[in-house]
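A.B. asks: Sequence:
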Amino acid sequence: MLIVDDEPGILFAYRKLLEQQGMTVDSCDCLCEALEYLNKHHYLAVVADMRLQGTDSADGLDLVREVRQRQPDAGVIVASGTSDQKIRQSASELGVNHYLEKPVHPALILDLLIQLRKAVSGPQLQPTLEAG
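In our numbering, the protein residues as written are 9 to 140.
Just so you know, these hints were derived from the structure itself, not from any lab. These numbers come from a predicted model, not from an experiment. Errors might be hidden in some of the hints.
Said to hold, decoys possible - Think about it this way: if two alpha-carbon atoms lie no more than 20 angstroms apart in a straight line, the pair counts; the simulated EDC-like pairs of lysine to aspartate or glutamate are:
1. 110 / 92
2. 48 / 37
3. 126 / 109
4. 48 / 74
5. 110 / 37
6. 110 / 44
7. 94 / 70
8. 24 / 37
9. 110 / 81
10. 24 / 119
11. 48 / 15
12. 126 / 27
13. 94 / 81
14. 48 / 34
15. 24 / 34
16. 126 / 81
17. 24 / 92
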């Protein structure tokens with residue numbers, strides 16, 4: 009999982025919760041570092057803040073575009089502190105799996121990531137019985 013948020017407390021909380029569930033987590037606080045991670049690693053999912061520190065733009069949309077281009081199979085969850093309908097619509101058009109309004113409880117992120125992991129892993133293989 010890749011977590012991108014400019015709030016250190018959120019990065020810490022998500023990382024701790026997800027690692028306790030056995031998930032491998034990379035985290036960063038800016039778009040440029042997130043792009044470096046996307047070049048180096050393949051992710052099941054990316055969780056991103058829509059607006060990162062020091063910007064008035066929707067960096068999250070830029071990140072979603074890059075995820076869809078570089079890793080189209082990755083799940084994408086974005087969180088936004090505003091309820092801007094244009095941004096929500098743009099995120100939907102880019103293929104965001106979940107668009108959440110802050111504050112977001114970390115347990116909700118965990119539940120969504122578990123659902124994404126189950127969807128990717130598919131049904132469990134059933135043992136076969138050999139005719140004897």
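A.B. asks: Against each hint, give a clear statement of whether it holds in the structure.
C.D. replies: Taking the hints in turn, this is what the structure says about them:
For a cut-off of 20 angstroms, the pair hint linking residue 110 to residue 92 stands: about 12 angstroms separates their Cα positions. Taking the CA atoms of residue 48 and residue 37, the gap is near 17 angstroms; set against the 20 angstroms cutoff, the hint holds. For the proposed pair residue 126 and residue 109, the alpha carbon gap of about 24 angstroms is over 20 angstroms, so the pair is violated. At roughly 13 angstroms between alpha-carbon atoms, residue 48 and residue 74 fall within 20 angstroms of each other, so this suggested pair holds.
For the given pair, residue 110 sits about 17 angstroms from residue 37 by alpha-carbon distance, which is consistent with the 20 angstroms threshold. The straight-line distance between the Cα atoms of residue 110 and residue 44 is roughly 26 angstroms, outside the 20 angstroms bound, and the hint therefore fails. Taken as a hint, the residue 94 and residue 70 pair is honoured in the structure, with Cα atoms around 14 angstroms apart against an allowance of 20 angstroms. Between residue 24 and residue 37 the alpha-carbon distance is near 16 angstroms, which keeps this suggested pair within the 20 angstroms criterion.
For the proposed pair residue 110 and residue 81, the alpha carbon gap of about 25 angstroms is over 20 angstroms, so the pair is violated. Straight-line distance between C-alpha atoms of residue 24 and residue 119 comes to about 15 angstroms, which keeps the hinted pair within the 20 angstroms bound. Our distance criterion of 20 angstroms between C-alpha atoms is broken by residue 48 and residue 15, whose separation comes to about 23 angstroms. For a cut-off of 20 angstroms, the pair hint linking residue 126 to residue 27 stands: about 17 angstroms separates their Cα positions.
Distance restraint check for residue 94 and residue 81: the Cα-Cα separation of roughly 24 angstroms exceeds the 20 angstroms cut-off, and the hinted pair is therefore not satisfied. Distance check on the hinted pair: residue 48 and residue 34 sit about 11 angstroms apart at the alpha-carbon level, within 20 angstroms; holds. This hinted pair checks out: residue 24 and residue 34 have alpha carbons roughly 11 angstroms apart, not beyond 20 angstroms. Between residue 126 and residue 81 the alpha-carbon distance is near 14 angstroms, which keeps this suggested pair within the 20 angstroms criterion.
With a C-alpha separation of about 30 angstroms, the suggested pair residue 24 and residue 92 falls outside the 20 angstroms cut-off, and the hint is violated.
Checked against the numbered hints given earlier, this structure breaks hints 3, 6, 9, 11, 13 and 17; the rest are met.
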